[in-house]
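As a plain string of letters, each chain reads:
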Amino acid sequence: MASSSPEGVADLGVAVSTDPAGAPVLHPRPAELLEVAEALRDAGYLQCLDVCAVDYLGADSRTDLPDEVVPERFEIVVTLISHQRRGRVRLRVQVPEEDPRLPTLFDLFPGTESPEREAFDMFGIVFVGHPDMTRILMPEDWDGHPLRKDYAVGIVPVRFKAAGDTR
Amino acid sequence: MSADAPPAQGRVYARGGGPVLRLSESEALTAAPSAPERMIINMGPQHPSTHGVLRLLLELDGETVTRCKPIIGYLHTGMEKTGETLTYLQGPTNVTRMDYASPLFSELAFATATEMLLGLELPPRAVWIRMLMCELNRISSHLLFQATNGMDLGAVSMMLYGWREREEVLRLLEQITGLRMNHNYIRPGGVAADLPDGWRDDTLRLLDPVGDRLDEYDALLTGQPIWRERLQGVGVISAEECLALGVTGPILRSTGYSWDLRRHMPYLDYDLLDFDVICGSYGDSFDRYAIRLNEIRESIRLVRQILDQMPSGDYRVQDKKVTPPPRGRIDESMEALIHHFKIFTEGFKVPAGEVYAAVESPRGELGCYMVSDGGPKPLRMHIRAPSFVNLQALPYLLEDRLVADAVAIISSVDPIMGEVDR
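Protein sequences, first through last, are from chains A and B. When you read off a place in the first sequence, starting at 1, and then add 44, the result is the number in my numbering. When you read off a place in the second sequence, starting at 1, and then add 4, the result is the number in my numbering.
Please note that a few of the clues may not be correct.
Claimed, not checked - Here are the simulated EDC-like pairs of lysine to aspartate or glutamate, each with C-alpha atoms no more than 20 Å apart in a straight line:
| hint | chain 1 | residue 1 | chain 2 | residue 2 |
| --- | --- | --- | --- | --- |
| 1 | B | Lys324 | B | Glu339 |
| 2 | B | Lys85 | B | Glu339 |
| 3 | B | Lys85 | A | Asp194 |
| 4 | B | Lys353 | A | Asp108 |
As the list claims (entries may be wrong) - Residues from chain B that face chain A, not an exhaustive set, calculated with beta carbons under 10 Å:
| hint | residue |
| --- | --- |
| 5 | Ser30 |
| 6 | Lys73 |
| 7 | His80 |
| 8 | Thr89 |
| 9 | Tyr261 |
| 10 | Tyr274 |
| 11 | Lys381 |
| 12 | Arg384 |
| 13 | Phe392 |
Keep in mind the hints are simulated off the structure, nothing from the lab. We treat Cβ as the ideally placed atom computed from N, Cα and C, and that holds for glycine.
Required output: the full structure, derived from the provided sequences and hints.
Below, the structure is given as structure tokens:
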């Protein structure tokens, strides 16, 4: 794969690919994430639109990753937008199953607070340094992370309120 | 302001001591207030003006809100998990239930993402029908906002008027799609059905009275001293803070920052249409009200242009692997029957890859991040919901405002909880 960064951004030294629609995708290692995000912000990518996680457990085809990227079970996908360039760039970070931790983007983009909490809630990925690393959608005392592939649909039994004796 | 302004410094970067109350629910029960005269009260989730089931923890100093924490998840039904078990053809039935006030936009984002993966080119009529439906939906969504915003501020007659006009729009949507809401109309490959006979006259019959009634709203609300008193200067946010917090849509535009995907990163055929991006100046609740009111006018303008230029042709791609064959073909062609059967039983396979498709919903940038592993169901389907992200602005809008203003401010954010919780 070509290792050129999105148009106008100095070479960031990370693997680059393009998605099927032609949008640029960067593949920083976890340790490089903050550095790359900061360079992009300084280059005009002022808004972080989204942080979401993907669980690739059991997925055999990872053909869209550049050769130098080692696939891991989890992936964090960060979408940034530059209003001036009128373009988005996506960062895909591989997060290993045995140590699902990543530095938070809060200090660069405070708007990642809720999306990172959602990724933690749904996938159990911890964002180190996040000011409030708690569940956001599920109840506080919930067990497990529902969007993981090994969290089956229907795992929670449906409990109906005591209907009483119908006779 | 320039698009390359230096990033915001200040309250949005504060980890503690800022207006966000970072306390868990259990901690809030026992936490000692940060100062003796402060207390934490609970607002919602059952409150007439929280627009669904939004719950707020408010830290008050007397009558003044000092810190706030939105608590969400009461409508969480795991729609992204459900999305992984549905085929691409079934997917729109799922996402359409997220933002129930503007369902066609979620369908559009989902269908666009699927088509990007498939590499499909749509026939022009399908594109223009999508634009027509989305602008009609934007009108109904903003009318709903006008109604609830009026109700929240005590203008109860506005609630009735807004609801009345919205119902007129929904009636037209029902005529075209078969359903008032949750249409499942925009599907990968085009739309579900062609426009019905007489759609042009019906649309025109709708636009004229709605346009006139917008002037009545102006007379009823916009110039009224009480209305202005309650909204102007209430819930102010800056463009820098909006950018830092990821806020999009009318809240971002209310600060004077002109950013509308339809104009600045056009999708469908919006670059062929003439419309204005409505911006405010002060970033307050009044600007957000006025922007939504005037966006209805712009949408009416857009719909009129679409009526004039609607191309003829197919309303969906004639790709046998993606869209079902016409009903008549099934009786005479074995292959058509097989294609029909395959699409509705196992679905069509989408090439592996990941894409992000975004549209300008009435609430901001609505994105769909889709990952396919080459099968007939997405490996991951994530919706970037504008309401979910915009809610992060709420503590900053509420900071140092009176409790009585809280209702006006929540209303001006216009969150749809179905989309927040997904």
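Hint check results:
no. : hint                : result
1   : B/Lys324 / B/Glu339 : holds, 9 Å
2   : B/Lys85 / B/Glu339  : violated, 34 Å
3   : B/Lys85 / A/Asp194  : holds, 12 Å
4   : B/Lys353 / A/Asp108 : holds, 17 Å
5   : Ser30               : holds, 7 Å
6   : Lys73               : holds, 9 Å
7   : His80               : holds, 4 Å
8   : Thr89               : holds, 6 Å
9   : Tyr261              : holds, 8 Å
10  : Tyr274              : violated, 14 Å
11  : Lys381              : violated, 12 Å
12  : Arg384              : holds, 5 Å
13  : Phe392              : holds, 6 Å
Violated hints, listed in ascending order, are 2, 10, 11; each of the other numbered hints is respected by the structure.
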